[in-house]
Amino acid sequence: MNAIRWSLRWRSLKHRSAQTFLAVAAIGAAVALPVVLLSVGGGVYAHELSSIEQAGFSLSVGSTGAHGLSGVHVLANRIDGLGGVAAASPILSIAVDLSTPGGTVVPVLAEGIIPAAFAATQGAAERALLPSSISLGDPSDTAHYSNGSYTGPSSAQVLLSTPLLQTLNVGSGGHVRLSPSSNATAGVQFTVEGAFGLPPGFLGPSPLFVALLPLSQLQSLVGLAHLPSGGLLDSADSIQVAMVPSQAADPVAVQRVAAAIQVLVPYYSVVSLTEQTAELQSAQAVITGFYVGLSSVGLIVGLLFLVIILLRRVEQERQSIGIRRAIGVPAWLVAQGIVAEALALTFAGLLVGLTAGVATVEFLARYGSGGVADIAGLATFDPVTLGLLGAGLVGLALVASVLPIRRALTLSLPEVLR
Amino acid sequence: MSAVTSPAVRLEGVRRIYHPGGADEVRALDGVDLSIGPGDYLSVEGPSGSGKTTLLNLLGLLDVPSEGRVVWRGTPVERFSERERTRLRRTGIGFIFQRFYLLPTLTALENVELPLQARGLPGPERRHRARALLAQVGLAERERSFPHQLSGGEEQRVAIARALANGPQLLLADEPTGELDSIRAQQVLDLLEAAQRSSGAAVVVVTHNPAVATRARRHLTMRDGRIVTDSAGR
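From first to last, the protein sequence lines are chains A and B.
Under the working numbering, the residues of the first sequence are numbered 1 to 418, in order.
Under the working numbering, the residues of the second sequence are numbered 1 to 234, in order.
If you are wondering where the hints come from, they were derived from the structure by calculation, not from laboratory data.
Since this is a predicted model, take the numbers as computed values, not measurements.
The reader is advised that the hints may include incorrect statements.
[What the hints assert, rightly or not] A short, non-exhaustive set of chain A residues, derived as facing chain B with CB atoms under 10 Å:
(1) V74
(2) A326
(3) G328
(4) R406
(5) S412
(6) L417
[What the hints assert, rightly or not] Pair by pair, the computed Cβ-Cβ distance ranges are:
(7) B:R144 to A:F290: 54 to 62 Å
(8) A:V286 to B:S81: 46 to 54 Å
(9) A:V399 to B:D30: 41 to 49 Å
(10) A:V297 to B:E141: 28 to 36 Å
(11) B:E179 to A:F347: 34 to 42 Å
(12) A:E415 to B:S81: 15 to 23 Å
[What the hints assert, rightly or not] One side of the interface only, derived from the structure: several residues of chain B facing chain A at Cβ under 10 Å:
(13) L62
(14) L88
(15) G92
(16) R119
(17) R162
All C-beta atoms, glycine included, are put in the ideal place defined by N, C-alpha and C.
Turn these sequences into a full structure, and let the hints guide you.
Below, the structure written as structure tokens:
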């Protein structure tokens, strides 16, 4: 487009500055919404995906039943013995009450683990949050478990999360009492061996007060060591299975181990991280579809606004259009002028929307409360997504030009030049 | 009437009826026959509502007749598509309006450039020709002025320069001095006459002003959509 046409469009935009401002603001608002939604949604997804991909285990054995898995010490040993398996770590998570000698009682999430196996199934990020060695007495948790007898030496040691430790003001070597109920006297005294950090939780409230203790200790404490009838229960929620490093990245090897575990426990589910990734991707696709749908509403409102503004301009400039048509300016040049104006408004709106979207996310990351700031901090501004958004908007601008062009080209020249 | 062997434009039994068949039917033109040859200089007079502007619109291919034919250089206009009519307006017809109708967001130079740009002339050549035309109408110094910075007479001169830009064979002026004082009106008429002489274009001027009409060599009088007199010279 040459200088005259540009200057014509630019002066037209300047001449009707209020309309220009409103149109740019409307399109900007319509753009800012998807920028925020897609960047934050994409960031959370990328973070969760990264967490899965960086996990130190490849398979998870679980059950949907109320009692979870049972006989987990033996089962973990049998899984550990399969070819290609580096470690199998049963985990039992359950809420208990923690009381200090000073009388403070707080609910905590207790995680029963086999220290050595747990450490071997953690990814690098999680391992960095743990002490260099998890000092919870017997690393293999066999002395206390002792083939289901739950006798012998009890480590009675616990690691507490840093926020919990700070709240309780208890140092290493101090004592706390864990109890399955608020009756502290029914609990067991533990020695605090140290602290560990917590990974950020982004998809809901993250428990800040967490205690790590030997699996057999937690089972005994909460009554999940034996059935009420006296039979062995030895319960846990899940068993995380780490592959030997040379096979961890080999999907065939992982599937082979999964099949072998499934033979051992046909009534439990064995899920690979690849499947978890696929599930996450499916969930992300649904959420992205929702975001796109929500954003489309905003974009359509912006589009309608643009149509109204362009129609109004055609109405206001009908005489100018009539003059140009009368002196022989071809219809396509008139149409081009309207498209140029639509695109100019759209690009300006896109720029404003992108800036506003990024600024909003930055603001939330800095000044948002709690989880909002954490989630906003994960936002990623994917150039491809933003490019597609821009391309979609340009397409909408072209669609928005159709009606105004039609109106402009069907003006009655004798009427507008009367 | 001039002796015209090859008319620039010819109207044959032209009727222009608005809202035909309705209670508000208007016969703006009612059976007009007219032939305009190259180099003709016509004035069209008549009371308001007599059909002068409608006649100009049909001659300028801005409108099409309800009945009858408009023949442009031997070809009936109804055979032309809208695109071809636009091209003919661009290359063969110059318009001068009573209210000048300059584009308010363009400078004087850009207004004159507009028809040249529509014809696809490259920028430097376009500007050169536009400057020459502005100089021809005595506005070389005002090329950067916007319409609102010009007097009425200056605006009309810019409009004349724009009308002449593509070397039209037919120059149509609707009350070209209607909003000008007598001195500026004379200047505008001088320019029109000079343009007509130098280009050989046919000129049709609709006017109420007897001073304008005296410049023309052929005079039409209209009433109720009909040409009631068509005489050569006074």
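Check your understanding: Of the hints stated earlier, which fail here?
Key -> 1, 4, 10
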